[in-house]
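Asks: Quick mapping for you: the protein sequence lines, in order, are chains F and V. Final position of the first sequence in UniProt numbering is 286; the numbers increase by one with none missing. Final position of the second sequence in UniProt numbering is 367; the numbers increase by one with none missing.
The hints are simulated quantities; they were obtained by calculation from the structure and are not laboratory data. Everything numeric in this text was worked out from a predicted model, so none of it was measured. It cannot be assumed that every hint is accurate.
[Said to hold, decoys possible] Within a straight-line C-alpha distance of at most 35 Å, the following computed DSBU-like cross-link-like pairs (lysine-lysine) qualify: (1) K113(V) <-> K182(F); (2) K153(V) <-> K181(V); (3) K257(V) <-> K238(V); (4) K74(V) <-> K130(V); (5) K333(V) <-> K182(F); (6) K325(V) <-> K182(F); (7) K153(V) <-> K182(F); (8) K182(F) <-> K104(V); (9) K238(V) <-> K182(F); (10) K74(V) <-> K181(V); (11) K182(F) <-> K130(V); (12) K92(F) <-> K153(V); (13) K92(F) <-> K130(V); (14) K181(V) <-> K130(V); (15) K74(V) <-> K125(V).
[As the list claims (entries may be wrong)] If you want the ones that stay clear, here's a sample from chain F, every Cβ over 12 Å from chain V, calculated: (16) R3; (17) M27; (18) M152; (19) F165; (20) L168; (21) T179; (22) A221; (23) L268; (24) I277.
Virtual Cβ for every residue (Gly too), placed ideally from N, Cα, C.
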Amino acid sequence: MKRSITRLLMAPSVVLLLAWMIVPLSMTIYFSTINYNLLYPGRNNFVGWMNFEFFVTDPGFWIAVSNTLILLISVLVITVVLGVALSALIDKPFFGRNIVRVLLISPFFIMPTVNALIWKNMMMNPVYGIFAWISNSLGLEPIDWLSDYPLMSIIIMVSWQWLPFAILVFVTALQSQDTEQKEAAQMDGANGWHIFRYLTVPHLARPIAVVVMIETIFLLAVFAEIYVSTGGGPGYDSTNLAYLIYNQALLQYDVGVASAGGLFAVLLANIVAFFLIRAVGKNLTV
Amino acid sequence: MAYLNITELQKHYDNYHALRGINLAIDEGEFIVFVGPSGCGKSTLLRTIAGLESSTGGTIELDGRDITELSSSKRDLAMVFQSYALYPHMSVADNLSFALRLAKEEQSVIDEKVKSVSASLQLDKLLERKPKELSGGQRQRVAIGRAIVRQPKVFLFDEPLSNLDAALRVQMRLELARLHKKLGTTMIYVTHDQVEAMTLADRVVILNAGQIEQVGTPLELYRSPNSRFVAEFIGTPKMNLIELDNVVREADTLHLKLLNASIDFPVARTHGPLPDKVVMGVRPEHMHIVEAGGDLIGKVELIEHLGSEAYTHIRLANGQTVIVKASARTTIKDGEEVHINVDREEVILFNENDRVFSVIAEDASHE
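Only chain F is shown next, with the shape it has when bound in the complex (with noise of 0.2 Å):
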């Protein structure tokens, strides 16, 4: 009795969210095996494997699914590292330390198209960017960073963003760490440098495996910072999977690939998360 009564009350969340899940996974599947072109109506016939082989043989494709890795593991290297230096550099107090831990965080509030707009017109437009403008000064020919180097101007971008994230979740992390640690180390004969390496790194194992999860989950989709910035070129030199599907979808009106695509993003996730999952996960249960 008092089973059903707590499965009743719970069903109408659980309903709600399985079809919030369901409908449109089940469309995208659906999608995905029929002939859907916007600009063909009215065709929708059941045309099998068809439109995943469009997708896989698109020449843009293994381009995509590998700018979607080093996109991925280099924004997770550059937070990680530099997150856990930078956090720790102002764990101790010192005069202005609260300013300078809320610029380290504002870039996190920026919108990811905002701060898209901010790199590509301020920071790297090779005639009035600051960057160029640091160039000339020294007297060296300006780089046009977003068409000769267009993946690492993505991830120079999305690192800005996601930094933030890191100290906030490492700075937290390292005010819960025991002082008397730290001075147990210190009468032990360690220095700054020791007490970091064997009390402070693995003390933040953790913290760093949430970080790598999370930023994970949102850098296999980054889309808006590549859509105003390099528009996935040249050529398909930034284009990542969330991209290639965009342009499958609403480019070529394709749907039908673009479902294809979307089901191939989560096959992709999914081995993503597997790997994390055994890399890091264990760091989790400790």
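Chain F is already provided as a structure; the job is to place chain V on it using the hints.
Replies: Same frame as chain F, but now just chain V:
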């Protein structure tokens, strides 16, 4: 020249004067206990010696070397923390050998030392475990082992037993005493527990409000405190402090008047002028309940039976309460009227500034 010399040590926090001129000389091999109520500066003093807090004045010399400005890693001291502060990600063996590894000792030397220390602390079966897989007592032993392995000049203990349960605390106290006997190294120990102070110390340093109140062997502090603070702090139950009605001097004798009683006290056992107001201090075991003809008369309010003895709380006619030790099998009942005798040899007199101006009987007879 003492082994560890502390001269005029000062510690100011932003708006708090934690140490107000500490002077202390500690000999090599002594077991010194800092004791005092919370906030008296005992932990600050220990941490300043350790170099974890910087001093704002004065000097600390260890073995003829000025270490006042030295970083704690170069002072050659080892500390056992209240929380044990074991490194949570390292095994017991790694915890023990951490300092040696940092000092780049030979692996064979490290193994040798870890082995001998873990054997002497019964940790040899736990070497592969992580700190969180150990019990409180085991963690405590690892923390002590981590200090011993380095063979420092001085051991510092910051309330090391306060996180253990009562039974384990007694056991660890014994082990610490044994350890000090075996190693013979100078130890400084901070506690707020006077039983630990009395049982472990060669000399006890009683701190009060950032100053040293008195230094002495446990027995000295117990029998002849300098001040009311020390008298009240040492001893359970507390020393009875009885305000006297009047003190009359007659030739070589003081008559201590309280209610109907008059207790004779030789002038030779006092120093300085006779203050207007005198408080008499007597420990519970130096008062005795007698059949009749005692110095004081009072009514029993409460009897606490501890098994080996009993403490009777007795209210005197003027409303003051005294605690008198009685035998375990006392037949006195609540509400009964009893007579109390006072051991004259053990009476201590305080002046209005709460300082002691008398000496106990034995000392007087030696003069």
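Asks: Could you run down the list of hints and mark each one as holding or not?
Replies: Here's how the hints hold up against the structure:
no., hint, in the structure
1, K113(V) <-> K182(F), "23 Å, holds"
2, K153(V) <-> K181(V), "15 Å, holds"
3, K257(V) <-> K238(V), "22 Å, holds"
4, K74(V) <-> K130(V), "28 Å, holds"
5, K333(V) <-> K182(F), "57 Å, violated"
6, K325(V) <-> K182(F), "48 Å, violated"
7, K153(V) <-> K182(F), "21 Å, holds"
8, K182(F) <-> K104(V), "19 Å, holds"
9, K238(V) <-> K182(F), "40 Å, violated"
10, K74(V) <-> K181(V), "26 Å, holds"
11, K182(F) <-> K130(V), "18 Å, holds"
12, K92(F) <-> K153(V), "30 Å, holds"
13, K92(F) <-> K130(V), "28 Å, holds"
14, K181(V) <-> K130(V), "30 Å, holds"
15, K74(V) <-> K125(V), "32 Å, holds"
16, R3, "37 Å, holds"
17, M27, "48 Å, holds"
18, M152, "36 Å, holds"
19, F165, "25 Å, holds"
20, L168, "23 Å, holds"
21, T179, "9 Å, violated"
22, A221, "34 Å, holds"
23, L268, "34 Å, holds"
24, I277, "21 Å, holds"
The structure fails to meet hints 5, 6, 9 and 21 from the earlier list, while all remaining hints are met.
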